[in-house]
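Asks: Using the sequences and the hints given, assemble the complete structure.
Read off the chains here:
Number of protein chains: 2
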Amino acid sequence: MTSNRQWILKRRPEAALRDEDLELKTAVLPASLERRQVLLKTLYVHLAPTTRNWMNPRRENDRNSLYPETKVGEPVKGPAISEVVASSHPDYPIGSRWFNVEGWQEFALINPDDATHPLGRIAEAADVIQCLSVLGPNGLAAYFGVEKIGKPQAGETVIVSGAAGSTGSVAAQIAKLKGCKVIGIAGGSAKCAWLTRELGLDAAIDYKSERVESRLRQLAPAGVDFFFDNVGGEILSAVVENMAVRGRIALCGQIATYNDGGRTVAPLNVMHLVYWRVKIEGFIMSDWWHEIEEARSKINEWILQGKIKHREDVRHGFERIPTAFADLFSGANTGTLLVKMDS
Amino acid sequence: MTSNRQWILKRRPEAALRDEDLELKTAVLPASLERRQVLLKTLYVHLAPTTRNWMNPRRENDRNSLYPETKVGEPVKGPAISEVVASSHPDYPIGSRWFNVEGWQEFALINPDDATHPLGRIAEAADVIQCLSVLGPNGLAAYFGVEKIGKPQAGETVIVSGAAGSTGSVAAQIAKLKGCKVIGIAGGSAKCAWLTRELGLDAAIDYKSERVESRLRQLAPAGVDFFFDNVGGEILSAVVENMAVRGRIALCGQIATYNDGGRTVAPLNVMHLVYWRVKIEGFIMSDWWHEIEEARSKINEWILQGKIKHREDVRHGFERIPTAFADLFSGANTGTLLVKMDS
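Note that the protein sequences, when read in sequence, are chains A and B. Here the first sequence is numbered in this note's numbering, starting from 27 and rising by one per residue. Here the second sequence is numbered in this note's numbering, starting from 27 and rising by one per residue.
Hints should not be assumed to be uniformly reliable.
Heads up, the list lumps identical chains together, so a pair's fine if it works in one copy or across two of them.
Said to hold, decoys possible - Only pairs whose alpha carbons sit at most 30 Å apart, straight line, appear in this in silico DSSO-like list of lysine-lysine:
hint	residue 1	residue 2
1	K202	K305
2	K202	K67
3	K324	K305
4	K305	K174
5	K234	K324
6	K51	K324
No lab work stands behind these hints, which were simulated from the structure alone.
Replies: Structure representation (structure tokens):
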């Protein structure tokens, strides 16, 4: 192994990531490692919506370094699981597997001591795919968003947007486990059917063919107690209109806005938030870093009991990453979108 | 007294309240009272921005009756202080004064037992003007928004919009009392000068002549820890961009949006709320009904100690109500806007 194919960010995307923003380059790997260096071979790349956000320029006064930035000229950063294939670092033995954000490249040569984002060891017995999906950042975000922000009680009405997605499907099922009435919002009849028939949700709204605001009014006449939002934009706007008194909104993601720098331009009824005393809270799962193992074992227990179902959409081949990434934004993927490396 | 002039809502305003939406009518008062009826003579009307919201049609599924609705054909509802001039109710003696929402009319004939919004007795020794301003709903909203929602700590940076207004000026001063760095946003250099010179705020931004977002970035380079928002719209949008990690936003009012049914159309960087884990919370002061007396005595203590300054803009004459009300939305008032009845 001497060459390393990389998807390089050639320029900052202005809206959706386009082919012209990327360049496929082949870098040469060094013949030997420096002290405490590790060569990671990418096994799976997780195509997460937030990867698009990481391509935006960091603001001048940004002191919030919790998420990585992909700079122009660098390989696109994004969640991945990789295996150590060469190592001069005692804590990173050959064959060990690590969650990392080195992203869209076949190999990554790093010094883990200098990594701004700590690598997470994957247990030997673990299922790599699950570690990037239902037991990975997305499943954990679902868990913490429901348990720490929404705290829905039995009998309450819970709405999840992006409900057929990697995070949303787990959030919706956890809310069901708590005895809530759960309504999912997803794009297309196939996804909606999966939500109600396979996951047991009480109802699903197809935002591509139904008017979310009026449909919600029918399905949740007493208002929405907790909204787990992955989408934002017009869907956030529609759910805000339907929030119940003292409703809570957990902001997990805003995929509808990522191509506009995170800004929603849909009119938001903020005064409804005042009169109805609604609370909106943004969160990221790494805020509960010390509780991750506990959360993971809880989710795993639910999976083994058949109470949480999950699905992954695994594509194959390094060169297909950009095409697969575009599917995330059109909703053409079903479940966690992963790309398995060729060899 | 046999006649009662009333400003009647002739039709629902579509945007800003216009002359054509109102009609000045003279109703005839009955010669005698029914059992448990009370005749209230209006002393002062408080022109509160929310009066505009109360003119909107109540939504079908609205089970949140905490605020009154002005129906077409009825006198405009709004906060007022009135004196009992005739009574057949033992709890409402002649000469007693009451806070009520009977609004824009010279007299109100009511049965207090049936009132959807309870009347609040004004102590005999109390200053009626203060009871509608700094010790009234606006001062109390300022108090609870700071104490219960924002809970700013000494050294934190606090932003208040509508800072020269009835609620904002009190909120800003309470935050100063807590040792915060406080920046007010107001319209015009006179109001800004009042904030910094009279109230001792650390800085003021004139939204009419300065760009709020970039000015805030200069004045609060470490970000905003707590934002007390009375305005919404583009100002909310600009402050959201500048929120610090774990910042809190208390939504008290959204005057910029009232003429659009409470909906803000300014692009909101919701993703910033996610990455920075910002919390937004709507509130209304009546949620702390049982703590109102304690809050009022605390504010009163600060007033007596010279730590909280307040000012009222008192207009005269019943027929001037609509013109004065328009001043609220253009910012032409200074402090709590009241109309004193002619006699």
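Asks: Hint by hint, say whether it matches the structure.
Replies: Hints and how they fare:
1. For the identical chains of this complex, K202 and K305 are neighbours both inside a copy (22 Å) and across copies (25 Å), given an alpha-carbon limit of 30 Å.
2. Proximity of K202 to K67 under the C-alpha cut-off of 30 Å is found in neither arrangement, the shortest distances being 39 Å within a copy and 55 Å between copies.
3. Both within a single protomer and between protomers do K324 and K305 lie at most 30 Å apart by alpha-carbon distance, with minima of 27 Å and 27 Å respectively.
4. Taking the closest pair of Cα atoms, K305 and K174 come within 30 Å of each other both inside a single copy (13 Å) and across two copies (13 Å).
5. Proximity of K234 to K324 under the C-alpha cut-off of 30 Å is found in neither arrangement, the shortest distances being 34 Å within a copy and 54 Å between copies.
6. In the homo-oligomer, the alpha carbons of K51 and K324 never lie at most 30 Å apart, since the shortest distance is 41 Å inside one protomer and 67 Å across protomers.
In this structure, the earlier hints numbered 2, 5 and 6 are contradicted, and the remaining ones agree with it.
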